[in-house]
Amino acid sequence: MGFTSSNQHLLSKIATSLGHGEESPYFDGWKAYDKDPFNPTQNPNGVIQMGLAENPLCFDLIQEWIKKNPKASICTAEGVDEFKDIAIFQDYHGLPEFRNAVAKFMGRARGGRVTFDPDRIVMSGGATGANELIAFCLADPGDAFLVPSPYYPAFDRDLKWRTGVQLVPVPCHSSNDFKITKAALETAYEKAQEANIKVKGLIITNPSNPLGTILDRETLRTLVSFINEKNIHLICDEIYAATVFTDSNFVSIAEILSEDIACNRDLIHIVYSLSKDMGLPGFRVGIVYSYNDEVVNSGRKMSSYGLVSTQTQHLIASMLLDEEFTERFIIESAKRLATRHGVFTRGLAKVNIDCLNSNAGLFCWMDLHRLLKESTVEAELALWRLIIHEVKLNVSPGSSFHCSEPGWFRVCFANMDEETMEVALQRIHTFVHQKETVVPTKNKKLWRSNLRTLSFSSRRLGLDEVALMSPHSPIPHSPLLHART
Amino acid sequence: MGFSLSDQHQLLSKIANNDGHGENSSYFDGWKAYDSNPFHPIQNPNGVIQMGLAENQLCFDLIQEWIKRNPKASICTAEGVGEFKDIAIFQDYHGLPDFRNAVANFMGRVRGGRVTFDPDRIVMSGGATGAHELISFCLADPGDAFLVPTPYYPGFDRDLRWRTGVQLLPVICESSNDFKITKAALEAAYEKAQEANIKVKGLLITNPSNPLGTTLDRETLKSLVSFINEKSIHLICDEIYAATVFSQPKFISISEIILEEDMECNPNLIHIVYSLSKDMGFPGFRVGIVYSYNDEVVKIARKMSSFGLVSTQTQHLIASMLLDDDFVESFIGESAKRLETRHKVFTWGLSQVGIGCLKSNAGLFVWMDLRRLLKESTVEAEMELWRAIIKDVKLNVSPGSSFHCLEPGWFRVCFANMDDETMEVALRRIRAFVFQGKEVEAPVKNKRWRNNLRLSFSLKFDEGVMTPRMMSPHSPIPHSPLVRART
Numbered sequence: 001m002g003f004t005s006s007n008q009h010l011l012s013k014i015a016t017s018l019g020h021g022e023e024s025p026y027f028d029g030w031k032a033y034d035k036d037p038f039n040p041t042q043n044p045n046g047v048i049q050m051g052l053a054e055n056p057l058c059f060d061l062i063q064e065w066i067k068k069n070p071k072a073s074i075c076t077a078e079g080v081d082e083f084k085d086i087a088i089f090q091d092y093h094g095l096p097e098f099r100n101a102v103a104k105f106m107g108r109a110r111g112g113r114v115t116f117d118p119d120r121i122v123m124s125g126g127a128t129g130a131n132e133l134i135a136f137c138l139a140d141p142g143d144a145f146l147v148p149s150p151y152y153p154a155f156d157r158d159l160k161w162r163t164g165v166q167l168v169p170v171p172c173h174s175s176n177d178f179k180i181t182k183a184a185l186e187t188a189y190e191k192a193q194e195a196n197i198k199v200k201g202l203i204i205t206n207p208s209n210p211l212g213t214i215l216d217r218e219t220l221r222t223l224v225s226f227i228n229e230k231n232i233h234l235i236c237d238e239i240y241a242a243t244v245f246t247d248s249n250f251v252s253i254a255e256i257l258s259e260d261i262a263c264n265r266d267l268i269h270i271v272y273s274l275s276k277d278m279g280l281p282g283f284r285v286g287i288v289y290s291y292n293d294e295v296v297n298s299g300r301k302m303s304s305y306g307l308v309s310t311q312t313q314h315l316i317a318s319m320l321l322d323e324e325f326t327e328r329f330i331i332e333s334a335k336r337l338a339t340r341h342g343v344f345t346r347g348l349a350k351v352n353i354d355c356l357n358s359n360a361g362l363f364c365w366m367d368l369h370r371l372l373k374e375s376t377v378e379a380e381l382a383l384w385r386l387i388i389h390e391v392k393l394n395v396s397p398g399s400s401f402h403c404s405e406p407g408w409f410r411v412c413f414a415n416m417d418e419e420t421m422e423v424a425l426q427r428i429h430t431f432v433h434q435k436e437t438v439v440p441t442k443n444k445k446l447w448r449s450n451l452r453t454l455s456f457s458s459r460r461l462g463l464d465e466v467a468l469m470s471p472h473s474p475i476p477h478s479p480l481l482h483a484r485t
Numbered sequence: 001m002g003f004s005l006s007d008q009h010q011l012l013s014k015i016a017n018n019d020g021h022g023e024n025s026s027y028f029d030g031w032k033a034y035d036s037n038p039f040h041p042i043q044n045p046n047g048v049i050q051m052g053l054a055e056n057q058l059c060f061d062l063i064q065e066w067i068k069r070n071p072k073a074s075i076c077t078a079e080g081v082g083e084f085k086d087i088a089i090f091q092d093y094h095g096l097p098d099f100r101n102a103v104a105n106f107m108g109r110v111r112g113g114r115v116t117f118d119p120d121r122i123v124m125s126g127g128a129t130g131a132h133e134l135i136s137f138c139l140a141d142p143g144d145a146f147l148v149p150t151p152y153y154p155g156f157d158r159d160l161r162w163r164t165g166v167q168l169l170p171v172i173c174e175s176s177n178d179f180k181i182t183k184a185a186l187e188a189a190y191e192k193a194q195e196a197n198i199k200v201k202g203l204l205i206t207n208p209s210n211p212l213g214t215t216l217d218r219e220t221l222k223s224l225v226s227f228i229n230e231k232s233i234h235l236i237c238d239e240i241y242a243a244t245v246f247s248q249p250k251f252i253s254i255s256e257i258i259l260e261e262d263m264e265c266n267p268n269l270i271h272i273v274y275s276l277s278k279d280m281g282f283p284g285f286r287v288g289i290v291y292s293y294n295d296e297v298v299k300i301a302r303k304m305s306s307f308g309l310v311s312t313q314t315q316h317l318i319a320s321m322l323l324d325d326d327f328v329e330s331f332i333g334e335s336a337k338r339l340e341t342r343h344k345v346f347t348w349g350l351s352q353v354g355i356g357c358l359k360s361n362a363g364l365f366v367w368m369d370l371r372r373l374l375k376e377s378t379v380e381a382e383m384e385l386w387r388a389i390i391k392d393v394k395l396n397v398s399p400g401s402s403f404h405c406l407e408p409g410w411f412r413v414c415f416a417n418m419d420d421e422t423m424e425v426a427l428r429r430i431r432a433f434v435f436q437g438k439e440v441e442a443p444v445k446n447k448r449w450r451n452n453l454r455l456s457f458s459l460k461f462d463e464g465v466m467t468p469r470m471m472s473p474h475s476p477i478p479h480s481p482l483v484r485a486r487t
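Protein chains in written order, with UniProt numbering: chain A, 1 to 485; chain B, 1 to 487.
Please note: incorrect hints may appear among the correct ones.
[Stated by the list, open to error] Have a look at the derived ranges for each label pair, beta carbon to beta carbon:
no.	chain 1	residue 1	chain 2	residue 2	range
1	A	Thr16	B	Leu259	23 to 33 Å
2	B	Lys72	A	Leu386	39 to 49 Å
3	B	Glu79	A	Val343	16 to 26 Å
4	B	Glu376	A	Ile197	47 to 57 Å
5	B	Gly82	A	Asp216	41 to 51 Å
[What the hints assert, rightly or not] Facing chain B, according to a computed beta carbon distance under 8 Å, are these residues of chain A, among others:
no.	residue
6	Pro56
7	Lys67
8	Gly111
9	Glu132
10	Asp266
11	Glu374
12	Ser375
Since the hints were made in silico from the structure, they are not lab data.
Since this is a predicted model, take the numbers as computed values, not measurements.
The beta carbon of each residue, even a glycine, is placed where N, CA and C say it ideally should be.
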């Protein structure tokens, strides 16, 4: 008896849908990288991964701490006596010290300006699991969350796939630095009403992915008013809270709540994780923090599907209860991110590539719209394929973040060492240089003046501008040039 | 701004508001009694002994010994910390290759090397809890149903149904044939679903069984495979207790059945759920596994595993441990031995006071028969007896009705989650409870009781144990409610 391989009918609708989101170009670049990954010695011409928002800049600090604190592990000679109790513990409240530690850390990442209640800490399978969990708690299938665009592509999977919930974008524009406006919120809300879609909440990411910006106090208060007026939830993904690297203080929704503001606290929920702030994505430490008791209650029961391994809870508890360490870590991490950000944005500026002014996150929001043939998604993707195949950098196209304006790209700068960053910048310089060298004299003048008047922001022009424009480069005609003429 | 409770409900989803979490089941009530008064040999010797939690605490000495000898298994020891960064950063949902190899290797060894497992079919999940929900999301739409033989693990109600909207339809099993799953029962359940217009997408079995502690024989397994192939529905085999088989008959996994030559089976219908929570005793580590013979299911399940991946710190430890063949071999052997001993001591202790259990060869519990102690054969009577056991005997056991058992009077009692001394205390309490008798009635009634007991005992008990001495009317222990139940 032969069995046909076609067994689509055997699977659920969820399984056969594309709700997993992996068809998004967000992942295509990863595939290109996986096939041909850069290695300084073994594969110096490979693709450099700049599409992964990781934070490995401070592992030296962590490893140092680990060596000094053997009792944090249940596998060291000093800690193994706790092995049994930890391995057996499966209470979905989590180890009390774990909750205390996370609550403490969350407070420190906000400069001690607010405190968090350990009893509101609910575990989940990474932020991925946290976002899904909160969607299951707050919305029924068919209901919707508003989400400002551009936004993290995986929200489409995390919030929608198995929940049946919809996402309705609130478009933000570069004309005002992608701020979230009340008008945009109202428009999106009304659009949903007209389409008979029940809006259950608004989800924001602050600091923003992919923008790398933080919301100012005024915007936050506007959002709080808006959701209270509509009686809908506000989910704040603060996963990048400790990646804020300049003086501007991060304002958490938790702080807004502590201020004099009329707000139904039952509407406010925070999603958190240690994947970005601590650089530990493998450990799957996702957190849902809700000011709504019922949500905490229900969420806790649901956390059974994605509890944090007690081995990891135990380690994290020790680490994050060490206040001296966390204090130092947060400061040093911010410093190193700031340095990295500076090196990278200056390197880009040298070839007249702008980024949105940002002070947080593990990436830049790079503006290449003037390099597009035309202001379309197709042109953006054409440029992106070029960047992957010719510049050999995996960056993420703005369209995969649902950005309404073509030409923006998210470029991660923290997930590599300094040398690799230099190679990346070098490749960008070479590419831009090569593109500019074959411009005929007539065009060169025209092009240069075009660049000056139309495309440049008020950012200072790089000193290398003249050299880049040399017609004597041996590098052949670049397709990018086609885009300009 | 005041908000009423009904406003609250409006704010939350239907799923959050319903009781699909299953915690209103009596299964958990005993836990609450335990939590508020937990037994401790020194600090609280009169507290409730937890016998409602199927944990395997018998072999931690072996594990701790291995840990001390293998510091590189940890990313936190001096020897292992060099790997910390690579492990902490790794978030690929395929999991560490070593981890998948190790789990596949372990699964094969647990089945005596009679089958091998393909590491590329190993998909992670948040414990078996997450695995069940995941497979349910993959195979069924909201409103669809899985058939599940009763009695079954109460957690299934939550795991397979709560957020998925899938239904569970019982396939009734009865003590008259030792709770075997019959073709007739399967067909009846399937037809009932058809008549109610419910689409059945699969059959879920737990082998070895929770709560029965029995393993499925070859005939039954083959008839299940025929049944699901005939109906073209899935077979989900929860084999979470695979390594807890401690005596004959030996365990036969579904993975062995589908290899057999005379077995016609569409592999796309076969899926295994596994975990290290019971076999290794690591429930805290949340190592859940979905193993499917269906390529599409593996692919999609892997994408879904993002919601419940195993911590790479734990993957790394488990990989080292389970790739150590010597350790695995000796662990599996020793664990089975200790479970067998514990099982013997406990069932022996019960039999000494005339309490029988379903004959079992696996699991971390026994399926205790207290039917003859019920006032009447109803769920209410069972619950009343159960409350008495919690309150007066101070043991948390799990009533059969919480496992959807159709015959009142059965209780699941766990025996592997405590040390030998606590087990002795538990048995003493049971003995004391049973032998509280009215001294006046005792001489006459004892004879009748002894006869009745003879009728109730299965042939597995050594009746020589029931000596007249034990039936002494001169016992100082006051009248037990258990005795009252008999008269």
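**Request:** Could you see if the CB distance from threonine 16 of chain A to leucine 259 of chain B stays within 23 to 33 Å?
**Result:** holds, 29 Å
**Request:** Confirm or reject the claim that glutamate 376 of chain B and isoleucine 197 of chain A have a C-beta distance inside 47 to 57 Å.
**Result:** Given range 47 to 57 Å: holds, Cβ gap about 54 Å.
**Item:** Status of the lysine 67 of chain A interface restraint (C-beta, 8 Å, chain B)
**Value:** holds, 6 Å
**Asked** CB of glutamate 79 of chain B to CB of valine 343 of chain A, is that within 16 to 26 Å?
**Response** Check failed, 35 Å falls outside 16 to 26 Å.
**Message:** Verify the CB-CB distance for glycine 82 of chain B and aspartate 216 of chain A against the hinted window 41 to 51 Å.
**Reply:** holds, 43 Å
**Message:** Would the hint on glycine 111 of chain A be counted as holding, given a Cβ-Cβ threshold of 8 Å to chain B?
**Reply:** violated, 25 Å
**Prompt:** Given aspartate 266 of chain A as an interface hint, is the shortest Cβ-Cβ distance to chain B below 8 Å?
**Reply:** holds, 6 Å
**Prompt:** When the nearest CB of chain B is found for glutamate 132 of chain A, is that gap smaller than 8 Å?
**Reply:** holds, 6 Å
**Asked** Does the Cβ distance between lysine 72 of chain B and leucine 386 of chain A fall inside 39 to 49 Å?
**Response** Since the Cβ atoms of lysine 72 of chain B and leucine 386 of chain A sit about 45 Å apart, the hinted range of 39 to 49 Å holds.
**Interface hint compliance - proline 56 of chain A to chain B, C-beta minimum distance less than 8 Å** = Because about 6 Å separates proline 56 of chain A from the closest Cβ in chain B, which is inside the 8 Å limit, the hint holds.
**Request:** Verify the interface restraint on glutamate 374 of chain A: the C-beta must sit less than 8 Å from at least one C-beta of chain B.
**Result:** violated, 34 Å
**Request:** Under 8 Å, Cβ to Cβ, is where serine 375 of chain A needs to be relative to chain B, so tell me if that hint holds or is violated.
**Result:** violated, 33 Å
Against the hints set out earlier in the document, violations occur for numbers 3, 8, 11, 12.
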